[in-house]
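Protein sequences, first through last, are from chains H and S. For what it's worth, this note's numbering labels the leading residue of the first sequence as 1, then goes sequentially. For what it's worth, this note's numbering labels the leading residue of the second sequence as 164, then goes sequentially.
Worth flagging that the hints you see were computed from the coordinates, not collected in a lab. Cβ atoms here follow ideal geometry from the backbone N, Cα and C, with glycine treated the same way. It is possible that part of the hints are untrue.
Stated by the list, open to error - Here are the computed lysine-lysine pairs in the PhoX-like style, where the Cα-Cα straight-line distance is at most 20 Å:
id: 1; chain 1: S; residue 1: LYS194; chain 2: S; residue 2: LYS249
id: 2; chain 1: H; residue 1: LYS86; chain 2: S; residue 2: LYS192
id: 3; chain 1: H; residue 1: LYS86; chain 2: H; residue 2: LYS151
id: 4; chain 1: S; residue 1: LYS194; chain 2: H; residue 2: LYS86
id: 5; chain 1: H; residue 1: LYS151; chain 2: H; residue 2: LYS60
Said to hold, decoys possible - Simulated coverage check for chain H against chain S, where a stretch passes if three residues somewhere in it have a Cβ under 8 Å from a Cβ of chain S:
id: 6; segment: 38 to 48
id: 7; segment: 148 to 157
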Amino acid sequence: MLRKLVPHPLLSLTLVFVWLALVNTFTLGNLILGIFFGIVIPMITAAYWPDRPKVGRPFKIIEYGLIVVWDIIVANIQVAMIILFKPEREIHSQWIPVPLELTSAEAITVLAGTITMTPGTVSTMLSADGGCILVHCLHSDDPDAVRDDIKSRYESRLKEIFQ
Amino acid sequence: MSFYTELLIAISLVVSGLFGVVGSYGLIKLKNTVQRLHAPTKATTLGVGGVLIASMIHFVARNGHVSVHELLISLFLFLTAPITAKFIAKAYMARNMKADQLPQSSGDYGWSVYDDPPETDANQ
Chain H
1 MLRKLVPHPL LSLTLVFVWL ALVNTFTLGN LILGIFFGIV IPMITAAYWP DRPKVGRPFK
61 IIEYGLIVVW DIIVANIQVA MIILFKPERE IHSQWIPVPL ELTSAEAITV LAGTITMTPG
121 TVSTMLSADG GCILVHCLHS DDPDAVRDDI KSRYESRLKE IFQ
Chain S
164 MSFYTELLIA ISLVVSGLFG VVGSYGLIKL KNTVQRLHAP TKATTLGVGG VLIASMIHFV
224 ARNGHVSVHE LLISLFLFLT APITAKFIAK AYMARNMKAD QLPQSSGDYG WSVYDDPPET
284 DANQ
C-alpha cells in the first residue's frame, strides 16, 4: 500500500522540499500542499522512471556535494586565469575519453554534470553503449592525469553512493 | 544593517561582477566553439553564486530569516548548465566534426553522435 502510494520516496521528499523552498514560508498549509505534490507528481510521471536508483550513504552524498562545491570555486578561478592571462596559442585543448565503471543512468548523469561544472573540463557525449564518456579539457599537458583525477575523485565516490 | 554586513554584500557583488565579465570576455577571446563552452559553464557559476550569496546575506540582515530561493536558483543552475553545454557540444560535433577527429572510445562502440547504440529488446 505504502509502496503504491509513494513509489519514489526520494523523489517525493525532494518535491516536498522544493515546494516549501519555492513558497519560502513554512506553514502547515504549505506542507500539506507540498506532500500532495510529492505524492501526485511521482504517480503521474511513474512511467518515466522504470527503475528506481538505489541511493545510499547520506554522509557520502554530503561529502561529495562539498567536494564538488569546493572544486567549482577552484575551477572558476583557474578558468578565469586561463582566459585572462594565457595567450591563445598556449592553450592546449584536449579530447579525453574516460572509460566508465558506473552503469546506472542516474549515476552517469551526475558524473557528467559534475565534470562539466568542475576544473577546465566539459563532458560532451557518451559512447553509444554508455561505457565511455568523452571529455573536453580546456587546457592540459597531461590528459592521463585528468582522466585518473576524474576516476578517483568523482567516479569512485559515486560508485559508493549509487551501489 | 551594520557596516560589516554591507561590506560583505558589496564584496560578493563585486566578485560576482568580475567573474561575469571574465566569463563573457572568454566568449570573445577563445577561438573555437568547444573551448568557448568552458567560459559560460564555469566563470559564470561563481558570478551568479556571488549575487545569490549577497542576496541571502542581505535578507538575513534585513528581515532576520533565511531565504531559500537562492538555494533553489543554484540547484536549478547546476541542473541546467551541464545540459545546455552538452546540447551545444553535440550539435557542434554533429555538424562540424568527423568521428576520426576524436579519440577512440575505450569500448566496442563509438561515440553516440556517430554510432548506433547496441540493439536491445527495449529499443526495438
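Straight-line alpha-carbon gap LYS86/H to LYS151/H, limit 20 Å: Violated, because 27 Å separates the two Cα atoms, which is more than 20 Å.
Pairwise hint evaluation, LYS60/H against LYS151/H, where the allowed Cα distance is 20 Å at most: Judged against 20 Å, a Cα distance of about 16 Å means the pair holds.
Restraint check for LYS194/S with LYS86/H, where alpha carbons must lie at most 20 Å apart: Holds, at roughly 13 Å.
Hinted pair LYS86/H and LYS192/S, Cα distance within 20 Å: Given pair LYS86/H, LYS192/S holds - Cα atoms ~10 Å apart, limit 20 Å.
20 Å limit on alpha-carbon distance, applied to hinted pair LYS194/S and LYS249/S: Holds. LYS194/S to LYS249/S sits at ~19 Å (cutoff 20 Å).
Chain S covers the segment 38 to 48 of chain H, three or more CB atoms within 8 Å, holds or violated: Three-residue rule not met by the segment 38 to 48 of chain H, so violated; n is 0.
Verdict on chain S covering the segment 148 to 157 of chain H, where coverage means 3 or more residues with a C-beta closer than 8 Å: violated (count 0)
The structure shown violates the earlier hints numbered 3, 6, 7.
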